[in-house]
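Peer 1: Each chain is listed here by its residues.
Number of protein chains: 4
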Amino acid sequence: MRGFASDNYAGIHPEVLAALAVANDGHQVSYGDDVYTEHLQEVFRGHFGERTEAYPVFNGTGANVVGLQAMTRRWSAVICAATAHINVDEGGAPEKVAGLKLLSVPTPDGKLTTDLIDQQAWGWGDEHRAQPHIVSITQSTELGTLYTPAEIAAICAHAHERDMLVHLDGSRIANAAASLDLPLRAFTTDVGVDVLSFGGTKNGLMVGEAVVVLNPGAVTGVKYLRKGAMQLASKMRFVSAQLIALLEGDLWLRNARHANAMAARLADAVRPVPGVTITRPVQANAVFAILPAEVADRLRKRFRFYDWDAHTGEVRWMCAFDTTPGDVDAFAAALAEEMSG
Amino acid sequence: MRGFASDNYAGIHPEVLAALAVANDGHQVSYGDDVYTEHLQEVFRGHFGERTEAYPVFNGTGANVVGLQAMTRRWSAVICAATAHINVDEGGAPEKVAGLKLLSVPTPDGKLTTDLIDQQAWGWGDEHRAQPHIVSITQSTELGTLYTPAEIAAICAHAHERDMLVHLDGSRIANAAASLDLPLRAFTTDVGVDVLSFGGTKNGLMVGEAVVVLNPGAVTGVKYLRKGAMQLASKMRFVSAQLIALLEGDLWLRNARHANAMAARLADAVRPVPGVTITRPVQANAVFAILPAEVADRLRKRFRFYDWDAHTGEVRWMCAFDTTPGDVDAFAAALAEEMSG
Amino acid sequence: MRGFASDNYAGIHPEVLAALAVANDGHQVSYGDDVYTEHLQEVFRGHFGERTEAYPVFNGTGANVVGLQAMTRRWSAVICAATAHINVDEGGAPEKVAGLKLLSVPTPDGKLTTDLIDQQAWGWGDEHRAQPHIVSITQSTELGTLYTPAEIAAICAHAHERDMLVHLDGSRIANAAASLDLPLRAFTTDVGVDVLSFGGTKNGLMVGEAVVVLNPGAVTGVKYLRKGAMQLASKMRFVSAQLIALLEGDLWLRNARHANAMAARLADAVRPVPGVTITRPVQANAVFAILPAEVADRLRKRFRFYDWDAHTGEVRWMCAFDTTPGDVDAFAAALAEEMSG
Amino acid sequence: MRGFASDNYAGIHPEVLAALAVANDGHQVSYGDDVYTEHLQEVFRGHFGERTEAYPVFNGTGANVVGLQAMTRRWSAVICAATAHINVDEGGAPEKVAGLKLLSVPTPDGKLTTDLIDQQAWGWGDEHRAQPHIVSITQSTELGTLYTPAEIAAICAHAHERDMLVHLDGSRIANAAASLDLPLRAFTTDVGVDVLSFGGTKNGLMVGEAVVVLNPGAVTGVKYLRKGAMQLASKMRFVSAQLIALLEGDLWLRNARHANAMAARLADAVRPVPGVTITRPVQANAVFAILPAEVADRLRKRFRFYDWDAHTGEVRWMCAFDTTPGDVDAFAAALAEEMSG
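Chains B, U, E and A, in that order, are what the protein sequence lines are. Position 123, counted from 1, in the first sequence is what my numbering calls 200; the numbers after and before it change by one each time, with no gaps. Position 58, counted from 1, in the second sequence is what my numbering calls 135; the numbers after and before it change by one each time, with no gaps. Position 264, counted from 1, in the third sequence is what my numbering calls 341; the numbers after and before it change by one each time, with no gaps. Position 176, counted from 1, in the fourth sequence is what my numbering calls 253; the numbers after and before it change by one each time, with no gaps.
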């Protein structure tokens, strides 16, 4: 059953699967001392700049928790949006594994601003307060919205002036770049982001993300932390080969553009349906909407998707690299049908 | 460059790679609610018995730390051999992620006995002592040795009498079954093991292990702990499909038998070489030997392998599912050549 | 310099100091197996009921973190007010030591309600969400406000219906009882609270709090957790003797009544001063007010006190067991003087 | 019932109790910003040198865990003797609270040597191994033995050459200084120790230890770590006043000399008794002995003491600042009587 529940219901992009087969040739040193992982460094440097260091890991929670640990001390706290994945969807791993306190801030659209950051950016030197050392933002956000490069630049400047570092959860960073029509570095390295979690799985990989260090001075001990966080792949070549397949050419961009286009098509198809309200700007590959609960329930029997907020009845529809126009059109038709039913 | 450094220098077995392609068909629910992971439960129950529950994870350290957490409370300690992977090769993850104290015991051969366990199995009720709640053994051991089913039965009985549970690190459990010529359950479920870490990666998978609960009464919260330990794969179908490919037929056994046979062939070829001493019984896919340091250094330029103990000059040679008789013979010839050089 | 900064600027009540001298007689078994700690159990049972178990600890953060750990599993989360001491004043210890996620809720007055709890009480069974297992409330609150017994009863019923337990941070529980004019059990044991942190230090002890288990079925391993949290006093008799001195007679009540009366006197004296606004109901021993920043700065040179919220200019004035009417009157006079200056 | 179970069965030295009363005068700023804690810095600098920084804490486990955290990163390991208090008597707190891996080494006498350290001092740069960053020694040791200053100097030089730091658990440091007849700094600051846990409770305080930083370059964040480890006393003046009472004059030395003398007296009295073997050099305030189990059991009904090793029948007798010659003589007489009974 196809659906719009999550971009990780999709499978492996054929080019990525092919790359796995190519990498499956003979022996390679394990734990990252292989030719694929070495080459991956060049690929990442090409996208993010010469100082970039990339550490492949298994999943997004792992990337976030390893990256955040590398940027912090045991007494650190992380300022983030209340809706941030690290705050609501990682089973408490940042607290449990890294001992980090998350200082979360409600936002209207999933985006921090310097004013919102300042709600939590205080108390340095006071040992009663976990020390705000990091600002973590998500691009594209969990609400399908985007920061402009200027907005991220302002956040980075604000944070750095206060001796805080900036972490970017880039689980859907390709969707952001595609939507902004900008190179990846334009809203990361070039505007002051220190460390990012690069997302591959949602954009066509089988398994593979990376802790990407843009500012080497911002981190210590990444390799030890990756191992201690149980994110060190023994046969790492196969994670790296996937990331290379995604990033060396333009597969990352083709996949993301496609997913974004499908979300736009879905929004366009749904917007005219009476009784359905699109609740967020559709800037990446997510569409959020409010519709009558009983309609949502009937529709869900035909296409899988999740509630976003059970209190308000808001639901989330995600498009993936393999969502087809036919999927979208069938879904929009079904929605219209159920609404009028 | 081929070599004998580790069984995880090998790639993906072709049948496993083929299974990935088959599983790459359409959408599947993420995070384990897919048809492959469902089917995997049956496959594991076929091997380990009807009460078995299998939780796929990314790697062996993850499997161990998730399994051990599920069996323990915050004040627990784990009795293990000093050479146990959890004690020496996991970057301190059991301590750092799970807060577990490891009560390690030196052993002659990597194997615990009831007497050795009793060196640490005491102090219950005394809050000054981290409480020994678990005995963790490895089969086959890190030294390439094997427990008999009777030995494991004795350990389990001893532990259970003291209200301790038994964890088995089965990173190379297939090699053990192949060498013992016994079903997997004969030395696990049937003799009282409560939870095991099932190893797939070293036996031909790309990435995939599992926390396998044999005694459901021994654990709580496995699914929460897997997520909190960052071991929950979003596209889990691809981990499960690999494990199915390994375990549904006899691929697990063919691969393990082959690796074991290669180790035996290697031992046989090396044993007659003057100046080389095989230091451990060769019961699985590992050969340990002492040879002159300068010979080891020269040989290492031709075939990669690791020191086991830099103090004694002991080295370790591992065979994998893809080690060929030609690899072995070439290595043995090179060793003989360097020894006489 | 006397002041209104904190009730822990005060010293030791003379009766407590005398009790230390009495307890300093000969040898006692360490770590709590002494006659004072034994007797303390009776004293606590007298106040809180026959099932009560009391575990003396060093400080309030310790009491909270030990108690919360005893009530939770590794994957638990704690619902609390955003202003809760555990959330804002414990240096992240609940996260760092216990791995707990705090699900905080903004409140108008420092008090949770069932509606506010429901903002975070959801997601059980979903491993992506740290599981809400505990509701933690503070009585009297960090804002000097009080729950009625009925309000706490409603919270406990609501929590228990959802298989959650209730923790009460009673750092200033004596002030609450004095103000409510009720026995301690009337708003704890009798209305369903499971575990509380009993505060002694702010009410006249030198050092001493206790984890007080009202519902023994709600906890496991308290003694191990107390040791593991480094809260086990070797010469525990001296902590217990202080708590006995406080609780066996009515010293706890006399001290709390006095502190509350001083806060009321302060509020009465300040309320008529033009330009000063008392911002919270004065229900215990705290007075919160907004006054011009430059007045606050001048006043602070004469009497020490803290900002509560630097954004709004709200300040906090605390009264202690040893605050005198003279202190209050001098402060009120100084305030009036500075306001008119 | 008096006995020889532990030096923390003793009470508060009268001079310390008197100091508490003196410090109980008026208001003091809490959390260490008081005149006593300020003065304590001078007192510690007098003993340990001008760079010394002292952080009062509640207990020895707290001092060790705070100090070790301040010296380490999240991926660090600590080399210690197998008998070290941090390894066997702290309920796993170093692992659970600080995430530290302890790399323990069996020793004949509780003392590390450079050779023993080298059993664990290896593997830097290998992320599979928790990184050895600290050597922790105890003076006097848990076995009542002493390091000479030269022995500690050798350990410090050895550690520093390998970029490791040295921590000293000085729970009974006064007994060591008294026995060596040397100033405290002679075997700490002057020979290269970086951080120590200074023990007060066993030497006559009610409650009070300190993290003492001898090399400020060796630590970061002590104040945050103290709070996060729940070791920050609100009414800290009373901990500091006790430490001042101990250290400003010679009370620390008088108490320690007396306890040591009582241990020597006990050893002298017991040594001639046939069937009793003193098993360790008596260099501080502890006597270890082996005697028939049934004799130990009968004797224990008259004087409390603990088994040290239930396997060998070794027992431990501790002397305290308040042990009297009469206590010793009565005990020795009872022992002789039970032996001949």
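Be aware that one or more of the hints could be misleading.
Remember, identical chains collapse to one label, so a pair may be satisfied in a single copy or spanning two.
[Unchecked claim] EDC-like mimics (lysine to aspartate or glutamate), calculated; alpha carbons at most 20 angstroms apart, straight line: (1) Lys-300 with Glu-204; (2) Lys-300 with Asp-203; (3) Lys-300 with Asp-166; (4) Lys-300 with Asp-327; (5) Lys-378 with Asp-110; (6) Lys-300 with Asp-406; (7) Lys-300 with Asp-258; (8) Lys-300 with Asp-240; (9) Lys-378 with Asp-166; (10) Lys-378 with Glu-130; (11) Lys-300 with Asp-195; (12) Lys-300 with Glu-130; (13) Lys-378 with Asp-327; (14) Lys-378 with Glu-228.
Calculated directly from the structure, the hints in this document are not laboratory data.
Peer 1: Next, verify each hint and record whether it holds.
Peer 2: Evaluated hints:
With identical chains, the CA atoms of Lys-300 and Glu-204 are at most 20 angstroms apart between copies only, with a shortest distance of 6 angstroms across copies and 29 angstroms within one. Only between protomers do Lys-300 and Asp-203 lie at most 20 angstroms apart by alpha-carbon distance; the minimum there is 9 angstroms, versus 31 angstroms within a single protomer. For the identical chains of this complex, Lys-300 and Asp-166 are inter-copy neighbours only, at 14 angstroms across copies versus 25 angstroms inside a copy, given an alpha-carbon limit of 20 angstroms. For the homomeric pair Lys-300 and Asp-327, neither the shortest alpha-carbon distance inside one copy (28 angstroms) nor that between copies (37 angstroms) is at most 20 angstroms.
Proximity of Lys-378 to Asp-110 under the C-alpha cut-off of 20 angstroms is restricted to the inter-copy arrangement: shortest distance 16 angstroms between copies versus 48 angstroms within a copy. Taking the shortest Cα distances, Lys-300 and Asp-406 never come within 20 angstroms of each other, neither inside one copy (46 angstroms) nor across copies (36 angstroms). For the identical chains of this complex, Lys-300 and Asp-258 are neighbours neither inside a copy (33 angstroms) nor across copies (39 angstroms), given an alpha-carbon limit of 20 angstroms. Taking identical chains as interchangeable, the C-alpha atoms of Lys-300 and Asp-240 lie at most 20 angstroms apart only when they sit on different chains, with a minimum of 19 angstroms there against 24 angstroms within one chain.
Taking the shortest alpha-carbon separations for Lys-378 and Asp-166, neither the intra-copy value of 25 angstroms nor the inter-copy value of 47 angstroms comes in at or below 20 angstroms. Neither within a single protomer nor between protomers do Lys-378 and Glu-130 lie at most 20 angstroms apart by alpha-carbon distance, with minima of 45 angstroms and 29 angstroms respectively. Taking CA atoms no more than 20 angstroms apart as the test, Lys-300 paired with Asp-195 passes in neither setting, with 32 angstroms inside one copy and 24 angstroms between copies. In this assembly of identical chains, Lys-300 and Glu-130 lie within 20 angstroms of each other by CA distance solely inside one copy; the values are 11 angstroms within and 33 angstroms between copies.
In this homomeric assembly, Lys-378 and Asp-327 never come within 20 angstroms of each other (Cα to Cα): the closest approach is 36 angstroms inside a single copy and 39 angstroms across copies. Taking identical chains as interchangeable, the C-alpha atoms of Lys-378 and Glu-228 are never at most 20 angstroms apart, the minima being 40 angstroms within one chain and 42 angstroms between chains.
Taken one by one, the earlier hints fail for this structure at numbers 4, 6, 7, 9, 10, 11, 13, 14, listed in ascending order.
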